[in-house]
Amino acid sequence: METKTDAKPKQPMMENGPYLEKFERFEKGAKGPAWVLAARKAGISHFTELGFPTLQDEDWRFTNVAPIAKRPFEPVVEPTRDAVAAKALNQFTFAGLSGSRIVFVNGHFAPELSSVAKLADGVKVMSLAGALASDTALVEKHLFRHARADANAFTALNTAFFQDGAFICVPAGKAVAEPIQILYVSTAKDNGTTAHPRNLIVAERGSQVTIVESYASLRDAADFTNSVTELVAGDNAAVEHLKFQDESQQAFHIATVAAHFGRASNVVTHSIALGAKLSRTNIYATLAGEGLECILNGLYLTRGEQLADHYMIVEHAQPHGASHEYFNGILADKSKGVFHGRILVRPGAQKTDAKQTNKNLLLSDDATANTKPQLEIYADDVKCTHGATIGQLDDESIFYLRTRGIALEKARRMLIHAFAGEIIDRIRCEPVREELDKLVWERLEQNEQVALNP
Amino acid sequence: MTQPILAIQNLSAGVEGRQILKGINLVIRPGEAHAVMGPNGSGKSTLASILAGRDGYNITGGEAIYCGKDLLELDPEERAREGLFLAFQYPVEIPGVNSTYFLKAAYNEIRKHRGQPELDAMEYLTFVKERMKILNVPEDFLKRPVNHGFSGGEKKRNEIFQMAVLEPKLAILDETDSGLDIDALKIVAIGVNKLKRPANAQLVITHYQRLLNFIVPDFVHMLYDGRIVRSGGKELALELEETGYELMVNRAAVPA
Chain Z
456 METKTDAKPK
466 QPMMENGPYL
476 EKFERFEKGA
486 KGPAWVLAAR
496 KAGISHFTEL
506 GFPTLQDEDW
516 RFTNVAPIAK
526 RPFEPVVEPT
536 RDAVAAKALN
546 QFTFAGLSGS
556 RIVFVNGHFA
566 PELSSVAKLA
576 DGVKVMSLAG
586 ALASDTALVE
596 KHLFRHARAD
606 ANAFTALNTA
616 FFQDGAFICV
626 PAGKAVAEPI
636 QILYVSTAKD
646 NGTTAHPRNL
656 IVAERGSQVT
666 IVESYASLRD
676 AADFTNSVTE
686 LVAGDNAAVE
696 HLKFQDESQQ
706 AFHIATVAAH
716 FGRASNVVTH
726 SIALGAKLSR
736 TNIYATLAGE
746 GLECILNGLY
756 LTRGEQLADH
766 YMIVEHAQPH
776 GASHEYFNGI
786 LADKSKGVFH
796 GRILVRPGAQ
806 KTDAKQTNKN
816 LLLSDDATAN
826 TKPQLEIYAD
836 DVKCTHGATI
846 GQLDDESIFY
856 LRTRGIALEK
866 ARRMLIHAFA
876 GEIIDRIRCE
886 PVREELDKLV
896 WERLEQNEQV
906 ALNP
Chain U
-2 MTQPILAIQN
8 LSAGVEGRQI
18 LKGINLVIRP
28 GEAHAVMGPN
38 GSGKSTLASI
48 LAGRDGYNIT
58 GGEAIYCGKD
68 LLELDPEERA
78 REGLFLAFQY
88 PVEIPGVNST
98 YFLKAAYNEI
108 RKHRGQPELD
118 AMEYLTFVKE
128 RMKILNVPED
138 FLKRPVNHGF
148 SGGEKKRNEI
158 FQMAVLEPKL
168 AILDETDSGL
178 DIDALKIVAI
188 GVNKLKRPAN
198 AQLVITHYQR
208 LLNFIVPDFV
218 HMLYDGRIVR
228 SGGKELALEL
238 EETGYELMVN
248 RAAVPA
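Protein chains in written order, with our numbering: chain Z, 456 to 909; chain U, -2 to 253.
Simulated from the structure, these hints should not be mistaken for laboratory data.
All clues given are correct.
Here are the computed distance ranges between Cβ atoms for each label pair: (1) R248/U - Q847/Z: 42 to 52 Å; (2) D137/U - S553/Z: 29 to 39 Å; (3) A834/Z - A118/U: 49 to 59 Å; (4) K838/Z - C64/U: 51 to 61 Å.
Derived EDC-like pairs: lysine to aspartate or glutamate, alpha-carbon spacing no greater than 16 Å straight-line: (5) K789/Z - D821/Z; (6) K496/Z - D605/Z; (7) K865/Z - D72/U; (8) K827/Z - E513/Z; (9) K806/Z - E748/Z; (10) K865/Z - E106/U; (11) K140/U - D880/Z; (12) K191/U - E29/U; (13) K893/Z - D880/Z; (14) K865/Z - E900/Z; (15) K865/Z - E75/U; (16) K101/U - E120/U.
Glycine included, C-beta positions come from ideal geometry on N, C-alpha and C.
Let the hints inform the model, and build the full structure from the sequences given.
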């Protein structure tokens, strides 16, 4: 297991050789419209310029991606032969949800595992590769517009190498009642295996939709998932989006959710990080219209030597916007949680109401939390608050529960569960909320660390 | 004579080298209500905390025998399961823990300990509703997180409600009257009186006499500087209130 950090600063150019070479080979076989190819080329060139971030990079101060940079890079170019039985998917969280489900194996669409329910007229739930052929104009209007390849090396790499992902489009005024599920399954056996899922979700004006984007592993390999999701909520759209990461404890997971919210829209996006050895979720939210409300909500539960990082930029570009960020972390053993939240209020974005909280619960003396709020305000009539806490379970609460006959271990679990519940309770889709609540409770039960007396 | 519920003998304890209790003697038998009164800093709340099993105190001498068992050897949850209940002076707010879930878990732990089967959801609900009715507790108490956002009066009522559900053998009420207006005080006291049983006992810890107008004790003890300096019947409380603690101590010190 790779645990030591690399003290020598990495020269970005050193890594580019294999990436560039792989790209040149990949490019020859790549299908799709010319504008996609152009974006891919721009992507690899941005990646070459940027290189992998190092700890010297302010935005990556607490998360060392050297283990990712050092691994062999083996993008999964062809669909994997080893078939995943539909039955094997039943073990995953949300398997029992009704509604449409679109499944990808190692980043490739698996139509035999997917099922799309009968949907309202014009609603599209399909693979992005398919949509690039059938709905080119619609896709072109949004793809690559929100996730910027010039600012983030991983987004650049994804743009260069992505194979497929989900394309979901809900036309103006339509509502999809049941949640739509996107499931990414990794079957990787080899540590170099890399998938670049690319999702595009468009909820047009006045539409309503709930989307669950899950990442899971069938095996225990140190594979790498580098995903990008572009999420567009039109004016007055109501969107709930949940990203659920429960990959193998060896895996590396870097994800970007680039979201663009229209006037008077109402968006809730959740990020739940349970798995992976190292995970980083970047959320870039642009509040592009007036009078909208969004909630960015997240929970990370780590143990062993896991690291879960959330990096957020919430950009208020228009007046009368409200953004609320709530992130709670529960950190056991030697694990680490990182939260970086930047609120940017553009000139003219008056009456902005931006709130940010990050709370961390350390279950062991060896666990660490790094939290970094950042406010950048260029308007004068705004309300921006942030707060962060790092602490342990409250002794007085534990004592109170014990005096009612509840054993120490159970009292601790009840309090930890309550801490997670603050986040889970914000999930609006009931079956999703209930299943996640149950899952978190089970994980806490399993985690023997919890039973240790502090 | 029947076995005492609680027999404290020469109990001494302190915190961080400071002696707080300096030899407490107290025997509580079934059916009895005892009041412990005393000024601030006399050791009243320390006594309640030690009996309930709060961490952080050094027991430097003496013992507390609860129904024949060494109380100080038991974990707080074991004491609760054996029927000891502490109504907190400052009940703790626990956001995120649902009251119904919490109380049912506590209730079933205690039943399990007594060798009784757990109640199913319906049986439990019927039982709890009946308890709520006795104490006139609003239904939303169960829907809210434990004590979260409760007013001072609501928190104290919630303590008594929990006591009604858990049916303790020995209820210790730690300054349950503090912070209550007279109406809230009456509601709490009526609740406590309704829960009195011949087999159970109550230990009421208070600074003021007024609670004892409503919860009439069989015995009153005056705690001063870590010792019980006087014991008597309910009339002692009135005497204390009139004379004041300082003067009473001086009188007690002077041999008659």
